[in-house]
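**Q** Taking the hints into account, I'd like the entire structure generated from these sequences.
There are 2 protein chains.
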Amino acid sequence: MSELNLSRNTIHFAEPLPLQSGAILPNYDLVIETYGKLNAAKSNAVLICHALNASHHVAGPNPDNTSDIGWWDNMVGPGKPVNTDHFFVIGVNNLGSCFGSTGPMSINPATNTFYGADFPVITVEDWVNTQARLADKLGIRRFAAVMGGSLGGMQAIAWAIHFPKRIGHCIAVASTPKLSAQNIAFNEVARNAILSDPDFHGGNYYAHGVVPKSGLRLARMVGHITYLSDDDMAKKFGRELQRSAGASPEYRFSFDVEFEVESYLRHQGEKFSTYFDANTYLLITRALDYFDPARRSEGSLSRALAEVQAKFLVISFVTDWRFPPNRSREIVEALLVNKSTVTYAEIDAPHGHDAFLLDDARYHNLIRSYFQAMDEAKV
Amino acid sequence: MSELNLSRNTIHFAEPLPLQSGAILPNYDLVIETYGKLNAAKSNAVLICHALNASHHVAGPNPDNTSDIGWWDNMVGPGKPVNTDHFFVIGVNNLGSCFGSTGPMSINPATNTFYGADFPVITVEDWVNTQARLADKLGIRRFAAVMGGSLGGMQAIAWAIHFPKRIGHCIAVASTPKLSAQNIAFNEVARNAILSDPDFHGGNYYAHGVVPKSGLRLARMVGHITYLSDDDMAKKFGRELQRSAGASPEYRFSFDVEFEVESYLRHQGEKFSTYFDANTYLLITRALDYFDPARRSEGSLSRALAEVQAKFLVISFVTDWRFPPNRSREIVEALLVNKSTVTYAEIDAPHGHDAFLLDDARYHNLIRSYFQAMDEAKV
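One line per chain: the protein sequences are B and A, in this order.
Each residue of the first sequence is one higher than the one before, counting from 1 in the numbering used here.
Each residue of the second sequence is one higher than the one before, counting from 1001 in the numbering used here.
Rather than coming from a laboratory, the hints here were simulated on the basis of the structure.
Small disclaimer: the values here were computed from a predicted structure and weren't measured.
Watch out, some of these pointers could steer you wrong.
To be verified - In silico DMTMM-like pairs for lysine to aspartate or glutamate, Cα to Cα no more than 20 Å straight-line:
#1 A:Lys1235 x B:Asp292
#2 A:Lys1213 x B:Asp199
#3 A:Lys1042 x A:Asp1136
**A** Written as structure tokens, this is what we have:
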């Protein structure tokens, strides 16, 4: 076969979900997309976990809007590095997100109105629990691999820790075992931009018919700076002035858009504010902040990873200053202390944190070979 | 003598000031502080230029509030690296600032109300012009040195370029010959936070009796992250939870302050929003963006520096990721192309960009020796 075989489903979970915070979600939906075919042994399933602003829509054209191509389409599909001719790939929209799974924009059955600010704080471990329940529903006892970049990589790591028998390979790209103080600080600025937007209304803006757009714009702008490398920004924009053809190349001496990079950032912020939910932004950045598996073992990551059975593939990018290579090396070193199996690559790509989403031959060939080896070993 | 001999004055300039933007300021005041004594030959004057949020109040206790110690008090004073027993030091509050010199909070003689958003955009070169006029008033034909950190260093460089005969030594610490795209991007986020605050009222908030505090807070928070090194933040805060003694060390699962670094940032933002003016923040960040002396010589910094006669002392800090050492090296290399005299030091201080304000023995001893040599040479 050589078709993507995209299928989208909303799956309802009627069983209450106890969360790490102590709250209990009475029931919930998860939206998923699948690609390829689950084999008879149900042994070829790969779970793809998404990062901050993505969704279940990993590959191919969106059935509702064919110009909307999946966020990891260069990675997943027939003949792609994660080859859907051989693997059955599942993309799942995380709980708390704003793309169809239950989240702040959903109706709270206890109040018959939007959850809004009442939606409970969610952790990476909560997501992994919902994903395990999803696997149960699909009859998948064990994933061939769980895979993600950035926050998606954290979910893959949490899978290896909490469901050691249910994951063959853990693939964590551009990830970290926990946020640094600087990472948390940037998240805090973004959250404060949203929280202090008068249109936020304490998280219940849906009822007011408004959206805290200016907070969302700022949150995205500051986030976006951390996704790109300094060099990449310099190459893309430098100090070029934003000018239409033939316009004066002189400074305009104003606070309007003057440099290309300003125009780009404003555009990114504006675009984001039209499709992303502010409460979801708060929730997901907080899940990032809280992720710290070593916390339960007095800061020892190797002890936190002591029970993992998955083989690891860890990949970092040299110019990623959000989760730089030394953060990935912490994971690798902890695994080596435990004599776990780990493959590690540091890719000299110029695109900063965003590199995990981009098509780099060295990176893609590595993933391709890794999955080929996995397929041949019939793991 | 061994007294600081602090003297504060407001100096009025009745002559109109043509600005780089083409606007003309009809008249203006500059607030200055001086320390030490001007010698008979008027050859021992040192001009200290301030960065974003500082002022004329460089050293010693503020006469109006003795607990307010000058921002570079560890550097300037009797027996300090810039020794006021030998040098006559001048701190000047820049035009457009909010600490007494004419700026957006001043009355516009054309309208008899606050300048507000009508205050013209100011450049580093405009500041240097006002400082040269100040020198004229004080009868100082030539400064022994012009010195500053960060944006202050840019002013020192502009002095060397535009008044080559009037400056003996140019001392630029933690500076850069121009902002990078990433630097501009961070400024743009900060400005957008202010511009999108509903209390900004297009810059005319004075008339509304409000202050765009939430914009200022966000601007300061994002700025502050760039002043500290990642390592320094990790050492200062790590992932410590903000807890009173005896409180539970567990996560609270909320968007309120959870980590120490959040508390610190919010505190810095809040403090800043009580004393700094939003229009001034816009003006000063724009002056940073626009500084680019090589622009007038087709991007060649060595050509921009071709006429300098000053000897340079350039200092950078290894952990400064705002204006990292490679930015200072650009200055040094351009000077070496011209066979100008330059001393360069890269200090392995852990405190990021803020290191230029802190007391590091290697850094201070270097400045001390440099000024002693300058004094003995009777430059």
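**Q** Measure nothing beyond the straight line between the CA atoms of Lys1213 (chain A) and Asp199 (chain B); if it is 20 Å or shorter, mark the hint as holding.
**A** Holds. Lys1213 (chain A) to Asp199 (chain B) sits at ~16 Å (cutoff 20 Å).
**Q** Measure nothing beyond the straight line between the CA atoms of Lys1042 (chain A) and Asp1136 (chain A); if it is 20 Å or shorter, mark the hint as holding.
**A** 12 Å, holds
**Q** Taking only the CA atoms, is the gap from Lys1235 (chain A) to Asp292 (chain B) under or equal to 20 Å?
**A** 17 Å, holds
Of the numbered hints stated above, none is contradicted by the structure.
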